[in-house]
Amino acid sequence: MSIKIYNTLSKKKETFEPLVEGQVGMYACGITAYDVCHVGHARSAVVFDVITRYLRYRGYHVTYVKNFTDVDDKIITKANAEGKAISEISERYIREHDEDMDALGVARPTWAPRATEHIAGMIKLINILLANGLAYEADGDIYYAVEKFKGYGKLSGRNLEEMVAGARVDVNEKKRYPLDFALWKASKEGEPWWESPWGKGRPGWHIECSIMSQNFLGDTFDIHGGGEDLIFPHHENEIAQSEGATGKQLARFWVHNGFVKVSSEKMSKSLGNFFTIKDILKNYHPEVVRLFMLQSHYKGPVDFSSESLAEARMGMERFYATLKAVKGALAACGDFPVVTMERLSGKDKDIFEKIASLPDRFKEAMDDDFNTPRAIGYVFDTVRLINGYMSEEKFSVSAEACLILDKAGRVIAEVGGVLGLFLDDPDDYFMQDRDREAGKRGLDVHEIDRLIEERRAARLAKDWKRADEIRNVLAEKKIILKDTPAGTSWRIE
RNA sequence: GGCGGCAUAGCCAAGUGGUUAAGGCAGCGGUCUGCAAAACCGUUAUUCAUCGGUUCGAAUCCGAUUGCCGCCUCCA
Numbered sequence: 097m098s099i100k101i102y103n104t105l106s107k108k109k110e111t112f113e114p115l116v117e118g119q120v121g122m123y124a125c126g127i128t129a130y131d132v133c134h135v136g137h138a139r140s141a142v143v144f145d146v147i148t149r150y151l152r153y154r155g156y157h158v159t160y161v162k163n164f165t166d167v168d169d170k171i172i173t174k175a176n177a178e179g180k181a182i183s184e185i186s187e188r189y190i191r192e193h194d195e196d197m198d199a200l201g202v203a204r205p206t207w208a209p210r211a212t213e214h215i216a217g218m219i220k221l222i223n224i225l226l227a228n229g230l231a232y233e234a235d236g237d238i239y240y241a242v243e244k245f246k247g248y249g250k251l252s253g254r255n256l257e258e259m260v261a262g263a264r265v266d267v268n269e270k271k272r273y274p275l276d277f278a279l280w281k282a283s284k285e286g287e288p289w290w291e292s293p294w295g296k297g298r299p300g301w302h303i304e305c306s307i308m309s310q311n312f313l314g315d316t317f318d319i320h321g322g323g324e325d326l327i328f329p330h331h332e333n334e335i336a337q338s339e340g341a342t343g344k345q346l347a348r349f350w351v352h353n354g355f356v357k358v359s360s361e362k363m364s365k366s367l368g369n370f371f372t373i374k375d376i377l378k379n380y381h382p383e384v385v386r387l388f389m390l391q392s393h394y395k396g397p398v399d400f401s402s403e404s405l406a407e408a409r410m411g412m413e414r415f416y417a418t419l420k421a422v423k424g425a426l427a428a429c430g431d432f433p434v435v436t437m438e439r440l441s442g443k444d445k446d447i448f449e450k451i452a453s454l455p456d457r458f459k460e461a462m463d464d465d466f467n468t469p470r471a472i473g474y475v476f477d478t479v480r481l482i483n484g485y486m487s488e489e490k491f492s493v494s495a496e497a498c499l500i501l502d503k504a505g506r507v508i509a510e511v512g513g514v515l516g517l518f519l520d521d522p523d524d525y526f527m528q529d530r531d532r533e534a535g536k537r538g539l540d541v542h543e544i545d546r547l548i549e550e551r552r553a554a555r556l557a558k559d560w561k562r563a564d565e566i567r568n569v570l571a572e573k574k575i576i577l578k579d580t581p582a583g584t585s586w587r588i589e
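Just so we're aligned, residue 97 is where the first sequence starts under the numbering used here, counting upward by one.
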């Protein structure tokens with residue numbers, strides 16, 4: 097079995113073979129640290145987090161690099177407006193970014209370099225491009241001469257004439273050709289600067305990724321990723337810079353994630369239709385947000401709304417309800433002798449084997465361009481299987497059941513570890529969910545508990561009328577009661 | 001204006017040439033329950049935007065049409 101990945105460069109799904117056997121170098125473009133992250137940033141982070149985890153699960157040693165852009169017009173503008181140093185602004189938002197990603201369960205990259213740590217490397221790279229005749233100086237600015245790089249447009253599927261004909265390119269007297277882009281800009285008053293052979297200046301946006309990827313991963317590496325809005329011009333320009341300097345292919349696979357949309361429109365700062373990660377995590381469990389994203393393929397768009405999040409929450413509830421039941425049954429397993437699967441027969445054997453097959457089916461789905469929706473579908477299948485097994489009339493906790501349910505818990509944890517799902521304790525999950533939902537709707541937990549206690553007394557006296565009244569009162573507040581032999585529990589719809 | 005993507009049930013969403021079109025949410029019928037909830041069983045697309053074409057065979061390939069979206073300016 098081999099992994100297939102859709103490559104933006106070839107526009108085809110290709111079999112993934114790393115450059116060095118058993119090792120993967122991956123670079124994903126991170127954020128510009130000038131504001132808090134929104135759900136769109138979260139999606140990209142979750143996508144590449146899952147890709148990293150899956151490659152590691154499949155036995156690869158992955159070096160994952162995700163950069164921070166900490167020098168840029170927007171950061172400078174903000175710093176000047178607040179009268180602060182740019183590093184103060186960028187460090188603040190890098191810290192916030194890290195908090196958000198940690199909260200979402202996104203593993204930290206192997207390396208998270210900042211652009212400003214690599215200025216010397218950028219200058220070196222620009223010098224090579226100048227020497228290669230691919231760049232030119234104009235009044236302390238350095239521009240990349242796009243026409244000189246054959247292959248410009250190969251990633252985004254464009255050609256120069258068409259783009260120029262399409263107008264909408266900015267007028268800049270210093271550029272020899274409209275699509276040339278800045279590698280280095282002479283610093284103006286009030287802007288940060290670094291010494292360079294061309295005077296005091298600061299780097300252009302694209303150059304940082306070329307040097308940082310090379311520094312950590314070498315001239316050629318396996319996977320380069322980012323949001324699909326980076327395909328042009330950012331990634332196209334990265335290719336021009338890196339390949340123009342080294343003469344070698346930059347990245348072998350280009351992977352781009354689709355957008356988060358709001359009412360069919362791209363979520364973005366400029367449209368103002370964004371939700372910050374912090375706001376969303378106040379209202380939803382992080383795994384609900386991940387499930388919402390991973391139930392769509394990473395390449396396609398995903399429409400963000402309170403309805404779609406609520407739907408994901410219901411799905412998550414299904415998983416955790418099963419996990420809770422499994423945990424409950426397993427708690428009694430200490431009393432039984434340990435049996436091995438050879439002891440199983442008939443239906444027990446059949447169900448054990450079906451449950452045990454989850455990781456293989458999971459791999460089958462994930463090997464096919466990280467098809468998380470299909471993979472999650474298989475987990476749902478397994479959940480139904482487990483629930484069916486436990487709801488059989490003759491079901492009781494037995495040595496055989498313990499073996500089967502233990503396996504069930506393990507396979508779900510195994511695939512959950514890759515998806516970053518099902519990792520919470522089920523009781524904690526429901527407790528958190530209840531508190532979160534109660535808070536969201538302004539419900540008083542103590543009052544609810546009081547009513548439930550009153551209902552318990554009524555039920556004990558077989559006063560069904562009063563018991564149902566209380567049920568109805570709570571139902572109006574979307575509170576669903578569940579009576580079990582152990583007592584009554586509740587959840588919010 | 002140039003380039004590109006998408007269109008599958010009430011909603012979300014897999015499937016991209018060949019057995020009964022995954023899965024989730026919602027709905028309906030049943031089992032269970034004092035009544036419920038959860039869970040389970042059954043059920044909900046003879047059909048994949050529309051119209052043509054290729055093929056023994058297409059949701060899947062090709063063309064046209066319609067609609068939605070994205071990139072071309074910072075963007076995950």
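Some hints here could point you the wrong way.
[What the hints assert, rightly or not] Result set (DSS-like, lysine-lysine): computed pairs, CA atoms no more than 27 Å apart in a straight line: (1) K100 with K344; (2) K459 with K109; (3) K378 with K420; (4) K107 with K344; (5) K561 with K374; (6) K109 with K395; (7) K395 with K365; (8) K561 with K573.
If you're looking for bench data, these hints aren't it; they were derived computationally from the structure.
Owing to the predicted nature of the structure, the values given are computational and were not obtained by experimental measurement.
Which numbered conditions among the earlier hints are violated in the structure presented, ordered from lowest to highest?
5
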